[in-house]
Amino acid sequence: MICLGIEGTAHTIGVGIVEDVDEKCKVLANVIKMYQPKEGGIHPREAANHHANFIANLVIDAIKKANIDKKEIDLIAFSKGPGLGPCLRTAATAARALSLTLDKPIVGVNHCVAHIEIGRGTTGCEDPVLLYVSGANTQTIAFAEGKYRVFGETLDIGIGNMLDKFGRIIGLEFPCGPKIEKLAEKGDKYIDLPYSIKGMDVAFSGLLTAAEKTVRDKKHRIEDICYSIQETAFAALAEITERAMAHTEKNEVLLGGGVTCNKRLREMVKTMAKERKARFYVPRNDLCVDNGAMIAWNGILMYKSGIKMNIKETTIDQRYRTDMVDVKWR
Amino acid sequence: MAVKKKIIYRGAEAEILLSKYMNYKAVEKRRIEKGYRIKELDHKLRSLRTKEEAKLMIEARKSGVAVPIIYDVDLENYTITMEYLEGKRLKDILNNVSEKERKKLCKMIGENIARLHSNNIIHGDITTSNMILFDDKIHFIDFGLGEINSEIEAKGTDLHVLMEAFEATHFKYPNCFDYVLQGYKSILKEEAEPIIRKIEEIVKRGRYR
Numbered sequence: 001m002i003c004l005g006i007e008g009t010a011h012t013i014g015v016g017i018v019e020d021v022d023e024k025c026k027v028l029a030n031v032i033k034m035y036q037p038k039e040g041g042i043h044p045r046e047a048a049n050h051h052a053n054f055i056a057n058l059v060i061d062a063i064k065k066a067n068i069d070k071k072e073i074d075l076i077a078f079s080k081g082p083g084l085g086p087c088l089r090t091a092a093t094a095a096r097a098l099s100l101t102l103d104k105p106i107v108g109v110n111h112c113v114a115h116i117e118i119g120r121g122t123t124g125c126e127d128p129v130l131l132y133v134s135g136a137n138t139q140t141i142a143f144a145e146g147k148y149r150v151f152g153e154t155l156d157i158g159i160g161n162m163l164d165k166f167g168r169i170i171g172l173e174f175p176c177g178p179k180i181e182k183l184a185e186k187g188d189k190y191i192d193l194p195y196s197i198k199g200m201d202v203a204f205s206g207l208l209t210a211a212e213k214t215v216r217d218k219k220h221r222i223e224d225i226c227y228s229i230q231e232t233a234f235a236a237l238a239e240i241t242e243r244a245m246a247h248t249e250k251n252e253v254l255l256g257g258g259v260t261c262n263k264r265l266r267e268m269v270k271t272m273a274k275e276r277k278a279r280f281y282v283p284r285n286d287l288c289v290d291n292g293a294m295i296a297w298n299g300i301l302m303y304k305s306g307i308k309m310n311i312k313e314t315t316i317d318q319r320y321r322t323d324m325v326d327v328k329w330r
Numbered sequence: 001m002a003v004k005k006k007i008i009y010r011g012a013e014a015e016i017l018l019s020k021y022m023n024y025k026a027v028e029k030r031r032i033e034k035g036y037r038i039k040e041l042d043h044k045l046r047s048l049r050t051k052e053e054a055k056l057m058i059e060a061r062k063s064g065v066a067v068p069i070i071y072d073v074d075l076e077n078y079t080i081t082m083e084y085l086e087g088k089r090l091k092d093i094l095n096n097v098s099e100k101e102r103k104k105l106c107k108m109i110g111e112n113i114a115r116l117h118s119n120n121i122i123h124g125d126i127t128t129s130n131m132i133l134f135d136d137k138i139h140f141i142d143f144g145l146g147e148i149n150s151e152i153e154a155k156g157t158d159l160h161v162l163m164e165a166f167e168a169t170h171f172k173y174p175n176c177f178d179y180v181l182q183g184y185k186s187i188l189k190e191e192a193e194p195i196i197r198k199i200e201e202i203v204k205r206g207r208y209r
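Residue numbers (my numbering), protein chains in the order written: chain G, 1 to 330; chain R, 1 to 209.
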């Protein structure tokens with residue numbers, strides 16, 4: 001079965017084409033375009049306009065790269081949520097148009113669940129705890145009796161948003177994470193910053209405020225501040241992941257989301273896993289960031305488990321939480 | 001004489017070793033080094049939590065909540081030696097008892113949290129894994145993330161942690177948390193109201209709520 005998936009929850013519009021081969025995911029094509037705001041954060045309407053401009057060409061490009069005929073596509077999938085309304089609607093509209101013109105079935109996918117499933121489909125892990133870290137999302141997710149349940153999450157802002165907000169203060173452009181990572185590599189002096197864990201949850205607003213103050217005080221190098229932010233925030237992420245693993249008694253950890261491209265975060269979670277003799281998995285980079293292939297793969301799993309949607313049911317849901325999905329395919 | 005001690009449980013941040021203190025059966029809770037974080041942070045978190053945990057356990061006992069007796073605190077080795085409790089974790093009990101029994105246990109949990117909170121003790125990690133039923137009393141353990149704090153926000157967050165634990169671990173019994181709140185209110189009376197309202201506010205702050 002071949003599925004074309006469209007991702008459009010936030011800054012990225014992506015089209016992926018995947019095929020299921022012996023229950024594993026084979027990615028035939030995976031192309032994305034990312035909206036870059038001129039200043040500040042994502043403007044939802046402008047991001048949606050960006051997506052509308054690029055979606056048609058991305059679909060053509062993906063079909064070409066997959067080296068298939070469009071008639072070979074068996075299923076259309078799209079990101080139903082969670083995310084920014086205008087972006088979600090744009091991606092969903094494109095998916096509906098494709099479904100109707102090609103006369104193929106359509107399913108709406110939960111973006112967060114798709115991040116886990118692409119990991120399970122491509123890395124060989126079976127029953128992991130996922131640390132899902134992106135701009136808006138920071139969650140530890142694991143499967144328990146029919147659902148992916150959130151064991152820990154941020155109580156205020158996502159890790160990526162925290163890094164972006166800090167980056168803006170010191171004059172970096174969106175996305176700031178990779179630039180902060182570069183600066184942090186040149187830092188080596190640890191500045192004490194708030195480390196906030198509440199049970200299995202984490203919070204970053206106190207850390208952000210304290211880091212801002214450190215910048216204003218001008219007593220430390222920016223490189224050292226970036227280093228300290230990363231060390232503090234990522235240690236907290238490794239800790240909530242370990243807490244979720246201990247609590248659920250699971251022995252695999254999987255990374256997902258754009259922030260997992262950060263090498264220091266990867267290294268920390270990998271060390272944590274090693275120390276507790278657990279297995280560590282991370283999908284390749286283009287499958288970690290927001291992308292269409294993960295939507296397509298989750299679409300196949302849903303469709304094969306008997307989930308069907310008619311066009312009227314293909315609404316979007318900005319607040320589509322991970323634990324709202326009935327996981328019929330497991 | 002150094003005797004090799006048996007690890008009976010490996011948690012996220014500590015190992016629990018079977019031990020002896022004088023002639024009492026005891027456990028040692030040893031916070032282990034985490035190679036993923038830098039030394040400065042590792043030392044800060046381990047010593048702070050060991051100290052705070054010992055202090056809060058004593059405070060909890062004074063407020064009338066059952067906790068293991070502390071025999072020794074060794075800050076150099078980030079270790080607390082405490083009483084061995086023969087009981088079972090609430091996490092393993094709660095899903096396997098009658099509704100009536102579950103209600104009784106949940107109310108007891110709520111009463112105990114109220115006793116902690118009326119003395120401004122914040123546990124910081126209230127889950128059913130951190131409660132042991134022993135001698136017909138619910139013993140609270142694992143105060144390492146706790147603090148002394150009189151704010152409504154801190155108390156609300158404390159209860160929110162338990163609410164999430166119920167949602168993830170005891171999802172088949174959605175009434176559990178309401179029973180806890182019943183027990184909580186029965187001790188704290190009108191003081192409980194603003195704290196319970198706070199939980200709602202904390203939930204809404206989260207993503208996609």
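Mixed in with the good hints there might be a few duds.
Claimed, not checked - Derived lysine-lysine pairs resembling DSBU-like cross-links, with alpha carbons at most 35 Å apart:
no., chain 1, residue 1, chain 2, residue 2
1, G, K250, R, K189
2, R, K44, G, K213
3, G, K274, R, K91
4, G, K250, G, K26
Since the hints were derived computationally from the structure, they do not count as laboratory data.
Results of checking the hints against the structure:
| no. | hint | in the structure |
| --- | --- | --- |
| 1 | K250/G <-> K189/R | 40 Å, violated |
| 2 | K44/R <-> K213/G | 21 Å, holds |
| 3 | K274/G <-> K91/R | 27 Å, holds |
| 4 | K250/G <-> K26/G | 26 Å, holds |
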